[in-house]
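Following the hints, put chains B and C in place on chain A, whose structure we already have.
Protein chains in written order, with UniProt numbering: chain A, 1 to 428; chain B, 1 to 428; chain C, 1 to 428.
These aren't lab readings, by the way, just hints derived from the structure by calculation. Check before you lean on any hint, since a few could be wrong.
To be verified - Listing some non-contacts, in silico: residues in chain C with all C-beta distances to chain B over 10 Å:
hint, residue
1, Val105
2, Glu217
3, Ile418
As the list claims (entries may be wrong) - If you want the ones that stay clear, here's a sample from chain A, every Cβ over 10 Å from chain B, calculated:
hint, residue
4, Glu108
5, Gly348
6, Ala419
To be verified - Simulated DEER-style distance windows between Cβ atoms:
hint, chain 1, residue 1, chain 2, residue 2, range
7, B, Glu83, A, Asn61, 37 to 43 Å
8, B, Glu293, C, Pro138, 52 to 58 Å
9, C, Pro349, A, Pro424, 50 to 56 Å
10, B, Lys410, C, Pro139, 36 to 42 Å
All figures in this text were calculated on a predicted structure; none of them were measured in a lab. Beta carbons are placed, not taken as given, at the ideal position from N, Cα and C, and that holds for glycine.
What follows is the residue order along each chain.
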Amino acid sequence: MTKREVNELLTQTGPGTPMGDLFRRYWIPALLASELPEPECPPVRVKLLSERMLAFRDSENRLGLIDEFCAHRGVSLWFGRNEEKGLRCPYHGWKYDVNGNCMEVPSEPAESGFCEKIKLKSYPLIERGGVLWTYMGPPEEQPPFPEYEFAMVPPEQTYMSKRIQECNWLQAMEGGIDSSHVSFLHSGALNRDPLFKGAKGNQYNLSDYQVKFEVVESDGGLLIGARRNAENGNYYWRITQYVMPCFTMIPPRGDHPVHGHFWVPIDDENCWAWSYDYHPVRALTTEERTAMEEGHGIHVKTIPGTFRPVQNKDNDYLMDRAAQKAGIHYSGIAGIGIQDASLQESMGPIVDRTKENLVSTDNGIIMARHRLRKAALALRDKHVQPPGREVEQQRVRSASLVLPPDAAFKDAAKEALIAREGVPQTSV
Amino acid sequence: MTKREVNELLTQTGPGTPMGDLFRRYWIPALLASELPEPECPPVRVKLLSERMLAFRDSENRLGLIDEFCAHRGVSLWFGRNEEKGLRCPYHGWKYDVNGNCMEVPSEPAESGFCEKIKLKSYPLIERGGVLWTYMGPPEEQPPFPEYEFAMVPPEQTYMSKRIQECNWLQAMEGGIDSSHVSFLHSGALNRDPLFKGAKGNQYNLSDYQVKFEVVESDGGLLIGARRNAENGNYYWRITQYVMPCFTMIPPRGDHPVHGHFWVPIDDENCWAWSYDYHPVRALTTEERTAMEEGHGIHVKTIPGTFRPVQNKDNDYLMDRAAQKAGIHYSGIAGIGIQDASLQESMGPIVDRTKENLVSTDNGIIMARHRLRKAALALRDKHVQPPGREVEQQRVRSASLVLPPDAAFKDAAKEALIAREGVPQTSV
Amino acid sequence: MTKREVNELLTQTGPGTPMGDLFRRYWIPALLASELPEPECPPVRVKLLSERMLAFRDSENRLGLIDEFCAHRGVSLWFGRNEEKGLRCPYHGWKYDVNGNCMEVPSEPAESGFCEKIKLKSYPLIERGGVLWTYMGPPEEQPPFPEYEFAMVPPEQTYMSKRIQECNWLQAMEGGIDSSHVSFLHSGALNRDPLFKGAKGNQYNLSDYQVKFEVVESDGGLLIGARRNAENGNYYWRITQYVMPCFTMIPPRGDHPVHGHFWVPIDDENCWAWSYDYHPVRALTTEERTAMEEGHGIHVKTIPGTFRPVQNKDNDYLMDRAAQKAGIHYSGIAGIGIQDASLQESMGPIVDRTKENLVSTDNGIIMARHRLRKAALALRDKHVQPPGREVEQQRVRSASLVLPPDAAFKDAAKEALIAREGVPQTSV
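This is chain A alone, in the form it adopts within the complex (with noise of 0.2 Å):
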C-alpha cells in the first residue's frame, strides 16, 4: 500500500516539489519538431511541469522556449509578432529573443539600460528526432543530450506521435511498464492491430495469464522481465525498458517497429503521452507509417487542430458493448492507446494509491515508484543527481526472446537490450 504522503510526493510535478524537482534534471519532450515548422511561424503555446511557456522559432531559425507572458504587465506573448530576432508583444512592443532577454522596450530611450534588466525565465530548446526537447532546471546541471535510439535513426525509420492524456503522468505511465495487461485488454487488438498482428509471441501472451516478473535496475531505471511458458519447457520472455523519469520502451513483436513512450507531466492532473514508433536497422514501409498516422499501433487519432483523442471521456471512448461482447475489442473500445487512456483515466485525475491492492505482476510498478522516491528524496537531500541522464543509459533496447528455463533473463539478453547502429531487434 502506498501512503498519501508518498502518492502525492510522486504525482506533484509543479516547481518546488521534489518530483518536480527530479523532472527538471532531465531533457524532456516538449513539442513536436512540426509544430514550429519553420523560421518566423507561428509561436506554440506549452504547459509542462505545471508551467505556462510559449515556444517559437525565431527568424535566424533559433528555437526558444519562454515564459507565456510579458513581463511588462502580464499579457500572453502567444499574441505576439515573430518578427526578426525575436518575438514582439503587440501591447506596448516589447520585443524579446529566444533566450528571454528583452531587445527593446520602445517607451524608453536605448540609453536608460531599462532593457537590460528585463528578463524572462527561458529553457533552452533543441530539436532531435523530430522532437523539441527541453531542459528545465538549473543551467549548471545539465546533462548531455538526449541519445534514446529512436531519435538517433534516420528519419525514415521512425515516427512520433502525442497526444493529451487527462490523469496524472505516473497512473499513465504505470501502464507503460505493465506488460501483463497485454493478455486481457489489448487481446483483441494482438491478432488485428497492422502494427501488432502476425508476430509468434503473440500465441505466447494469448496463452499464459500467469506471467511471472522479474525486475532488476538497470543503470538508468529498471529491466522488467515478464515471463510466459513457451513450448518445450522453454520461456518467453518480454523485457520492458524503463529509463527514468518517463521513458518506456514496449518489448517489440517479430519484425514490427519497436515503440513505447514518454509520460510528460503537463500539470498534475494531464500529462502528455508521446508515442514513438521506429525500426534499428530499416525504413518504415508505407504501410505502416500510413497505419500509424490513422492511429494504429500505440497511436491514437486526435481532434484535427488538437492533441486531444477523437475518443475521449467525454464521449465515454466511442464504447461498443457488441464488440466487447465479440471480442473484438476486449473493453469495446477501439485502438490500443485509447484502451490504455481510457482505463487510466477512469481511475480519476489522481488515482488513490492508498487503496490498491497490488500483486506479483505489478512488481515493475511497484518498484518504478520506489526507484523515483529514492532519486527525489537524494537529489533533494543529498543533491545526488539521478539516474537516466546519461546517453549510454539512454541507449537501450526493449526484446522479446525465448530463453531455457535456467538461463537468468539480464545475462542471457544482455546485448539485446542494447542498442547499436545496424543491429535489429531482438524479437519473437
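Just chains B and C now, kept in the frame of chain A:
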C-alpha cells in the same frame, strides 16, 4: 428560520453524515428495471448518497450493485465485461460477482488464496414494481422489502419515470409536499394537462388561495392536510402523504391515476426525481400511458440516452414569455414537473434556508424538516430506527375529499389514507 | 511594484470590500435602456459588484432593480410574472413592487400585516442617455444624477453598446487610460477603421513611439497627457479623461465621434465594457451608426441574444496569423475593442500585479491606482466622499491638439477639456 448547521445537517447525505446514515436505513430506488433489461447486459454507473457504484445483471439473472472501481488499481468497472456469473475488469481480468466477491485474479495461482481476500463494497439490489431498489446500510439493520402501493399493483396499472434534478434533494422534496403552490405555479396546467384536467377538485384549487394547512404525524411520516373552501360551508381537503425519508404522494384528482415522487440524493447538489403514476383498481389507459411517456402530468421529457430533462437550466427551461403572459403556463415554463424543477434549481444547488420567510402554508415543510432532524439525531445518538421502514407505514394513500366544517380530516379520511387492494382512491 | 494586498484591495468589489464600497457611492450603468423596452416586458437578470439582482419595468413604466430571489423560499424572480404594478413570484404568488416592497402574500390574510414586513433589497434605476443607471450605496449618500456628455446630447448624436469582458474590471480599465499602446496594438486599425481613419493625428501616433506622459489630478479623476513629436518642434498632445471610479474617455481623432468606456465590475473576474460614441454638435451619420452597430471603432460584435463577443477566448479571438504578419491587424486579432479585450483577458482573470515592470508610459495607470486606493481608504477610514460624484466633474472632454513646446497642456487645453453645449470637440 433554519440555522446554518441545521441546513447542513438536513442537506448532506454522504457517507458518515447523520442524514446520510438515516438514508442508509431504507430501501431506496436506484435504477429503473429497464436499465438492466436482461442477463449480461451492459453495466450501469450509479451514484447515490455521494457514493459511486456500478449496477449489473449477471448471466444468472442476479442483480448486483458494487463499488465502481476495481480493487486492484482503481479502474472503473463500467468498462468491464459482463461474463459468466460475474463482471470482469478489462485491465487485468479480475472478476467479481454480484456481491462484490472476487471470483478470479488470473495472474495469481488459485491456491494462493489471494482472490478470497479481495471484496468490493456491495449493496443488495432487488426488483419490485419496475424499480431496482437498494439498501446501503448495515446488513443487520436491513428493513423488509418496500411495499408502496405503486410497486405492488399489477404492471398494467402503474408507470414510473425518473429524471435528474440539479439541486439538493431537500428543496426538491419540499416541493412535493407543498400543496399550496398548485394554485399558482400549476394553475395553467390544471385545466389543460391530460392527466390533471377535468377534475372537480381543480376548481376548488383555483378559487381559494388562502389554503389552511393542518399537519399531523403519521407512523411513517406526515399527513399534510390542505383545506380550501367548498360549497355550503364545507371544506375541500387535499391530504398529501409523506413517508420518511423521501417518499411523497400528491392528492388525487377525479379518476386520474394517483402520483407522487421519490427524491433520492445523487450527491449534495443533485438528486433523482422519481415519478410514479398508478391506478389502484384499473389498468392505465393507452391515452394515459402515452401522456406519461410524452412528459405530461408530473413526468418530464428527457434527452434521449440520458435522464436530463430537455428543458434545463442551460436553456432557461425553454421559457416562453408569451405563454406566461397569456397564462397558458403560469411561469412561462411548459410542464408540471419542470415548472417545479426550474424554480427549485433556481434557488441554487443548496438553498440558503437561513434567509427564508416561512408562512403558515409552509407548515408541512417545517414539520418534515423537524421530523427528519429529530430522526437523524435519534439514530446517531440513541441508535433509534427511524420511521418509514415498516411496510404498514408504506401502504398509504393520499386523498382529496369534501368534508363538513366540523370534521377532523385525519379521522374522517382515516380509511381513505390506507392502501387496500381492490379499493379505489378517494378523490374529488 | 504593487503589493499583493493592494492588488486585492483594488480588484475586489463585492459587498463589504473597500473598493466595493467606493463603487457603491456612484451611479453606474446597469443595463441598456433597450433591454427593458416597455411596460410589463420580461425582467432581466443583472449581476453587478458580485450582487445578483433583477431589473424590470412595471405596468406603470416604473423601473426597478431588486434582489433576484424571492424573500419566501429563495426562488429566482426571473421566472416571475410582470403583472399590474409589480412582479409576482410564480411559486406562491408573492408580489413585489419596483422598490422591493412586498405587495401581496396570497396565502396570508391582508389584515395579518405579514406582507408589510417583507422587503427585498432594491436600488434605484433611472434612464438617461439610453442607459439605465443604478446607485447601490446608502440612500442618504446618493449623488446627483450623472451628467456625462454622451448621456446629455440628443439621441441622434449618441450611441452605446456593451459587452462582457472576462477579466477583472481594473485591468480592463487600465487599457482605457493607456494611450501608449495605440501606436502598437491598434496601429493597423488607425488607417483602416471607418471610425478612426483619415485623422491627421494618426500619423503622429504612428511616427513617435517614445510617448511622454504627464498626468495631473482633475477634480473628478485624472488628466492623462500623452505627448508625441509633431512638426517644427511642436508637440502633439492626446489628453485622456479618467473620472472616478471607472469612466474613461479616449482623445478624439479629426471630426470622428468621441468615444470611451465605463468599466463596471460584474464580479471580481468579469466586467461590463460599456462603449459610448457621440458627437458633441451634430447627429451621427448613417455610415457612422452602421459602423458602430457592425462592431467597428471601439464597439464589438456580440453573439445574438447575449453580450458575449463573437471573438472570445474559446476561439482564440479568431486569431489570423497571416493578417498579423501583414500588419493588417497588428496582433492578428480584428477589431479595436477585441484587440484590447483579448490581451487583457490573456493576463488571467485577475492579473498578478506583483510581477509587473512598469515604465514611464504607465504613469496614468500608476496614478489611477493610487487615486483609487487613496479614495477607498479615505472612505473607509474617514467617511470622505470620493471624487467623481459631482456633475461638474463628469462634464468633461478628452482632446487632441498640437501645442508649442513650452505650453503646459493642462493650461493650454483648459477650455477643450470641458463639455460645453454647441461647442465641438478639440481634435486633430
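TODO: Verify that the Cβ of A/Glu108 lies farther than 10 Å from every Cβ atom of chain B, and report whether the claim holds or is violated.
DONE: 49 Å, holds
- [ ] Check the following: the C-beta atoms of B/Glu83 and A/Asn61 are separated by a distance inside 37 to 43 Å.
- [x] The hinted range 37 to 43 Å is violated for B/Glu83 and A/Asn61, with Cβ atoms some 58 Å apart.
- [ ] Say whether it holds or is violated: A/Ala419 keeps its Cβ farther than 10 Å from all Cβ of chain B.
- [x] Given a closest Cβ separation of 30 Å, the condition holds.
Task: Supplied distance hint 50 to 56 Å, evaluated on CB atoms of C/Pro349 and A/Pro424 - done: Since the Cβ atoms of C/Pro349 and A/Pro424 sit about 55 Å apart, the hinted range of 50 to 56 Å holds.
- [ ] State, for the Cβ atoms of B/Lys410 and C/Pro139, whether the hinted interval 36 to 42 Å holds or is violated.
- [x] 51 Å, violated
TODO: With respect to the beta-carbon atoms only, verify the hint that B/Glu293 and C/Pro138 lie 52 to 58 Å apart.
DONE: Taking Cβ atoms as reference, B/Glu293 and C/Pro138 lie about 56 Å apart, which means the hint holds.
Open item on the list: Confirm or reject: C/Glu217 is not an interface residue toward chain B, with every Cβ-Cβ distance exceeding 10 Å.
Closed with: 43 Å, holds
Task: Given as non-interface: C/Val105, which should sit over 10 Å from chain B by C-beta - done: 7 Å, violated
Open item on the list: Would the non-interface assignment of A/Gly348 survive a Cβ cutoff of 10 Å against chain B?
Closed with: Since the minimum Cβ distance to chain B is about 7 Å, A/Gly348 lies within 10 Å and the statement is violated.
Open item on the list: According to the definition I'm using, a residue is off the interface if its beta carbon is farther than 10 Å from all beta carbons of the partner; does C/Ile418 meet that for chain B?
Closed with: At roughly 45 Å from the nearest Cβ of chain B, C/Ile418 sits farther out than 10 Å, so the non-interface label holds.
Violated hints, in rising order: 1, 5, 7 and 10; the structure is consistent with all others.
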